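Student: Construct the complete structure from the given sequences, taking the supplied hints into account.
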Amino acid sequence: MLSLKRWRQEIKTPTRRWSNFILDYVHGSHLRDIVSGKAEPPSSATYLWSTQSQAVTFDFVWNLFYAYHQLTRIGYNEFDVILYCPPDLPSASVQYDHFVPICERQARIQNLIFPIASLFSHVRSVSIISSKPEHDALCSRSSEDFLIYPFGHSKNYDPGGSRYFDIYRALSSYKDQPSQLPFIAPSLPLRDEASPLSKAYSDSIERFPDFFENHSKFITLTLRDYGFSPLRNSSQYDVDQAYAMADSLGIALVIVPDDLSKLSSYSLPKDVFVSTKSRFSLHHRVALYSQSVVNIFTPSGAATLSLFVRGSKTVICNFGAGGSDGDYRYYRREGTKPGHQPFHMLHGHVLWSKEKSSYTVSSLLDAFKELSAL
-10 MLSLKRWRQE IKTPTRRWSN FILDYVHGSH LRDIVSGKAE PPSSATYLWS
40 TQSQAVTFDF VWNLFYAYHQ LTRIGYNEFD VILYCPPDLP SASVQYDHFV
90 PICERQARIQ NLIFPIASLF SHVRSVSIIS SKPEHDALCS RSSEDFLIYP
140 FGHSKNYDPG GSRYFDIYRA LSSYKDQPSQ LPFIAPSLPL RDEASPLSKA
190 YSDSIERFPD FFENHSKFIT LTLRDYGFSP LRNSSQYDVD QAYAMADSLG
240 IALVIVPDDL SKLSSYSLPK DVFVSTKSRF SLHHRVALYS QSVVNIFTPS
290 GAATLSLFVR GSKTVICNFG AGGSDGDYRY YRREGTKPGH QPFHMLHGHV
340 LWSKEKSSYT VSSLLDAFKE LSAL
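Positions -10 to 363 (the numbering used here) are the ones given, in order, by the sequence shown.
I should point out that these hints are in silico values taken from the structure, not numbers from a laboratory.
Note that this is a predicted model, so its numbers are computed, not measured.
Quick reminder that beta carbons are idealized off the backbone N, C-alpha and C, glycines included.
Wrong hints could be hidden among the right ones.
Unchecked claim - Straight-line Cα separation of at most 20 Å, SDA-like style, residue types lysine to any residue; simulated pairs:
(1) LYS251 with ILE240
(2) LYS266 with VAL112
(3) LYS206 with TRP341
(4) LYS206 with ILE240
(5) LYS164 with SER33
(6) LYS326 with LEU220
(7) LYS266 with ASP248
(8) LYS326 with TRP341
(9) LYS266 with ASP155
(10) LYS358 with HIS329
(11) LYS251 with GLY216
As the list claims (entries may be wrong) - DEER-style ranges, computed between Cβ atoms:
(12) ILE63 with HIS329: 27 to 33 Å
(13) GLY312 with GLN99: 27 to 33 Å
(14) LYS251 with PRO167: 48 to 54 Å
(15) ASP355 with GLU123: 49 to 55 Å
(16) ARG299 with PRO30: 28 to 34 Å
(17) LEU249 with GLN166: 26 to 32 Å
(18) ALA362 with PRO30: 29 to 35 Å
Tutor: Have a look at this one:
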């Protein structure tokens, strides 16, 4: 049973399917009028993202995708993004608050959320507001001047936007028209395919000239060392398999670290390059993923970024390894199931696994071969 306090929170910021459906209907009368032709649609649309209902993570990419999916269906091919970030950055998730302190959340707004929005196709502009009066004034103007997404967002109601069970269903609608999918475009120069990495690129990523002069091709492994849902974290096995894959292809391995204090717990071969700058710079990370032959992940938010980066190929290992947000039951509930490949239209392949580390180098190579044939 939900407590009275939790009921109030659920009404204000719904987190469950039933509450989302009910409140979307109650607050969606204006949208229904637009769709039915009873009301004139505003000339523009704005995605109003709020830290009160969303975690400050790579999941923001899914939020943007679903905003695009919903808005294009009613005729808006471009939209503005406004980030509502109150000074204390309240969150709907107590667990998230526990693992990510407020100082880190504040840094992520500038170093993660804002850059992702600025690189996302179909986004016209990005801005940040922090005060409740600004937020309320925006909501008051929305019906007349522009349409706010999530639909029904008002002064006292934040529907939160995408849910994973919506996302998988939405992705499937692009199966026959993948060119219509949005993307994240690298802002750093891309290399010429016929030549080694350009000097401009190597200097902009980090000063490691010997590596970039001698390795025109590489794969990446992005580590996950996160307190929340540890069954989705990386292991030494993942490092070993990625290194063996790189060796089999005759190319280099680049590691994108997560928690630098835990990097020493991994045994890394001497010829592996650790891209610390890509850990802290979203622009460098996007450039690196776009240049890589293939990018390898455990189930993580960073994998979502790679899925949408133009030119990137993505392999996600240990899909279904366990945890409340990563076991087979979870994925069935959210709209996919073991054996399915929900990300092929994004040049992404998942290696389903009931047991941690059950995939092999052959599995990685087969996944890469399949992606290359798409």
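Student: Now tell me, hint by hint, if it's right for this structure.
Tutor: Structure-based check of all given hints:
no. : hint                           : result
1   : LYS251 with ILE240             : violated, 26 Å
2   : LYS266 with VAL112             : violated, 26 Å
3   : LYS206 with TRP341             : violated, 27 Å
4   : LYS206 with ILE240             : holds, 6 Å
5   : LYS164 with SER33              : violated, 28 Å
6   : LYS326 with LEU220             : holds, 19 Å
7   : LYS266 with ASP248             : holds, 13 Å
8   : LYS326 with TRP341             : holds, 9 Å
9   : LYS266 with ASP155             : violated, 34 Å
10  : LYS358 with HIS329             : holds, 17 Å
11  : LYS251 with GLY216             : holds, 12 Å
12  : ILE63 with HIS329: 27 to 33 Å  : holds, 29 Å
13  : GLY312 with GLN99: 27 to 33 Å  : holds, 30 Å
14  : LYS251 with PRO167: 48 to 54 Å : violated, 37 Å
15  : ASP355 with GLU123: 49 to 55 Å : holds, 51 Å
16  : ARG299 with PRO30: 28 to 34 Å  : holds, 30 Å
17  : LEU249 with GLN166: 26 to 32 Å : violated, 41 Å
18  : ALA362 with PRO30: 29 to 35 Å  : violated, 42 Å
Of the hints listed earlier, those the structure fails to meet are numbers 1, 2, 3, 5, 9, 14, 17, 18, in rising order.
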